[in-house]
Amino acid sequence: MSPTRSSLPPPLRRLVAQCSAEVGMTMRRGESLLLTIGIPVILLVFFSEVHLLPTGTAHPVTFLAPGILALAVMGTALVNLSIATGFERGYGVLKRLGATPLGRPSLLGAKIVAILVVEVIQAAVLVPVALGLGWHPTMGGAGRAVVVVVLATFGFGGIGLLLAGVLRAEVNLAAANGLWLLLLLVSGMLAPLSKLPGGLQAVAKALPAAALADALHRSVGLGLSVPGWAWLVLAVWAIAAPLAAAATFRWE
Amino acid sequence: MSVPSPAAVQCRDLVVRYGSTTAVDGLSVTAHHGQVLALLGPNGAGKTSTVETLEGYRRPTEGSVRVLGLDPMSDHRRVVARMGVMLQRGGVYPVMGPRRALALFADYYDDPEDPEALLELVGLGAVARTPWRRLSGGEQQRLSLALAIVGRPEVVFLDEPTAGVDPEGRIAVRRVITELRDRGACVMLTTHELAEAERVADDVVIIARGRAVAEGTVAELAAAGGEGGIRFEGPAALDLAGLRAALGAEAGTVTEERPGEYRVDGPATATRLALLARWMSDRDLPLTELRAGRRSLEEIYLRVTRGEGERDGPELREHQRGAEPHGRSRSRR
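Just so you know, the sequences run in chain order A and B. Heads up, the first sequence is in my numbering, so the first residue is 367 and it goes up one at a time. Heads up, the second sequence is in my numbering, so the first residue is 4 and it goes up one at a time.
Just so you know, these hints were derived from the structure itself, not from any lab. Among the clues, some could well be false.
What the hints assert, rightly or not - So the derived list for chain A, only partly shown, Cβ under 10 Å to chain B, looks like this:
id: 1; residue: Arg-379
id: 2; residue: Gln-384
id: 3; residue: Ser-386
id: 4; residue: Arg-394
id: 5; residue: Glu-454
id: 6; residue: Val-459
id: 7; residue: Ala-508
id: 8; residue: Gly-509
id: 9; residue: Phe-520
id: 10; residue: Phe-615
id: 11; residue: Arg-616
id: 12; residue: Trp-617
Stated by the list, open to error - In silico negatives: residues of chain A with every beta carbon more than 12 Å from chain B:
id: 13; residue: Pro-376
id: 14; residue: Met-391
id: 15; residue: Ser-560
id: 16; residue: Leu-598
Only a predicted model underlies this, so the values are computations on that prediction, with no experimental measurement involved. Using N, Cα and C, we set each Cβ at its ideal position, and we do this for glycine too.
Input sequences plus hints: build the corresponding full structure.
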C-alpha cells in the first residue's frame with residue numbers, strides 16, 4: 367500500500383498504483399531493460415564511435431541520436447508493451463483484473479502513462495550519452511519532438527496491443543521482436559531513408575517508424591519543421607492502430 | 004427454502020452454451036450470506052461456466068444470474084467492489100511476488116485488508132518476494148485466495164481452491180473459508196473432490212452435464228442408508244406389470260401408493276432409473292417427480308461421475324421435470 371493512499375480519490379489511487387506497478391515491472395525485467403535501455407545505448411555508442419553506417423554526416427552521432435531515440439520509443443511502446451500484455455493475457459492476469467474495481471479504462475490509462483514514464487527514463491539515459499558522444503541537439507525543436515513522440519507512442523502501442531490481443535503469448539513474443547527488427551531496417555533510424563531502394567522507401571514512409579525517425583531528425587536534430595507526410599502518417603497510425611486493437615482484443 | 008434477505012448469489016434456470024456445446028443446462032442455485040456452498044462435479048460438468056457467468060465474464064445464454072441482487076455484467080462496477088474472485092488458474096503477474104501483488108490489489112479497493120496480515124494468514128511470509136512463476140502450485144493457489152479476499156468481499160467465488168494444494172495449504176484454505184463465513188460472507192466454491200466439499204461446505208450442489216443432480220446440506224446428503232427404492236409420480240393407473248417387467252423387478256415390488264404416486268422397492272440403481280425413465284419416455288408419459296432413496300453423498304457422487312451412460316442418476320430432490328433420459332431439450336418453467 368502506498369503511503370499516499372488516503373489522500374487520493376479512489377480512481378486516481380488505482381491509476382497511480384497500477385502505473386507504478388507497470389513501470390516497476392518493466393524496470394525489473396531483464397529483457398525489458400535490455401530492449402528499452404541496453405540495445406539503444408549499445409547501438410548509439412557503437413555506431414557513433416565505429417563509422418560503419420552511411421549516416422551522411424561527419425559525426426555519426428548527429429544522425430544517430432534522434433534515430434536511436436525513435437528506436438527507444440518503438441521498443442517501449444510497441445515491443446515491450448506487446449510482449450508484457452501478451453503474457454498478462456496468457457497468464458490470466460487481464461481476466462483476473464477484470465473482476466477488480468480497477469476497470470479497463472484505468473488499466474489502459476495506467477499502461478499509457480507507464481510507457482510515457484519509461485520513455486522519459488530512456489531519454490534521461492540516452493540524451494546524456496549522446497551529448498557525451500558530441501551530439502548538439504536543437505532545443506527549439508523539443509516541443510515538436512514531444513508531440514511527435516506522443517503520437518508515435520499511440521500508434522506503436524496500438525500495433526503492440528493488436529498483436530498481443532489476438533496472438534498466443536509465445537507467438538506474440540516472436541512477432542513483436544520480428545516486427546521491431548523489420549521496422550528498424552526500414553525506418554531511417556540507423557541510416558537515411560534515401561539509402562533504401564525507391565519502392566521500399568515508399569513503403570517505409572507509410573510506416574510510423576520512419577515517420578517518427580524523420581520527424582525527430584528534423585526537429586531536435588536539425589531544428590527544422592516536421593514534414594506534412596510525417597505528421598499525417600503518425601496521426602493516422604495513432605488513431606487507426608488503437609481502434610483496430612480495441613476491435614479485435616481478446617481479454618482471455 | 005424461504006428467503007428472508009436477498010440472496011447473495013442466485014442463478015435461475017441458467018443455460019450457458021458455447022456454439023453448439025451446452026455447458027450449463029438449466030441450473031438454479033441460491034446461496035446466502037454466511038453460507039459456504041460447494042458446486043461439486045466432475046471436470047466438464049459446468050461448474051466453471053456457472054461461476055464465471057456469476058463473476059460477470061459471460062452473459063447467460065438463457066436464464067438469469069444475480070450477485071448481491073445485481074446483474075454482474077450491467078452492474079459490473081458495483082459488483083466487483085464487493086466480490087472476490089479466485090480463478091482456476093493464473094491471474095497474477097508472473098514477475099510479481101506475493102507481497103507486491105497483495106499491496107497492488109489492496110490499492111484497487113477502498114477498505115482493504117492489511118496485505119501483510121493476509122500474507123501471514125495464508126502462510127506466504129517466507130516467499131513474500133518470490134515471483135509468481137517460481138512459486139509452487141500450492142503457494143500460487145494460496146496467493147490467489149489471498150488476492151480474492153483482500154478487498155473484504157461480501158461474496159467470494161473460489162474455482163477449485165484446493166486443486167494441487169498440499170495438505171498444509173489445504174488447512175490454510177479451509178481456515179480462510181471458515182473465517183469468511185463467520186464474518187457473514189457468502190462463499191461459493193467449486194471442487195471435484197467430494198471430501199473437500201464435505202469438509203468446507205454447508206451445502207452442496209452436485210452438478211453433472213450442466214444440471215444439478217442432487218443438492219442439500221452436507222448432513223442431509225451424507226446421511227447414509229435410510230429407505231431405499233425409487234419413488235416417482237406420473238399419470239394414474241400405469242401398467243404396473245409392464246413396468247415391472249421392463250425393470251426386471253420381482254412381483255409386488257412396483258406399487259401405486261396413491262393415484263399417480265408410485266414406489267419401486269429394491270436397489271435404486273442408475274440403470275433402473277434409466278430403464279424407468281425410458282419406459283415412461285417410450286410411452287410419452289410425463290415423469291413429474293423422481294426420487295431415489297436417501298443415500299450417501301459418495302454413492303451419489305460416484306454414480307454421477309462414473310456413469311457416462313447413466314446420465315440421469317438418482318436425485319435427492321426433484322430436479323427433473325421431463326422424462327427423456329438422454330434429452331437436452333427438457334422444458335423449462
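So which of the earlier hints does this model not fit?
-> 7, 8, 9, 10, 11, 13 and 14
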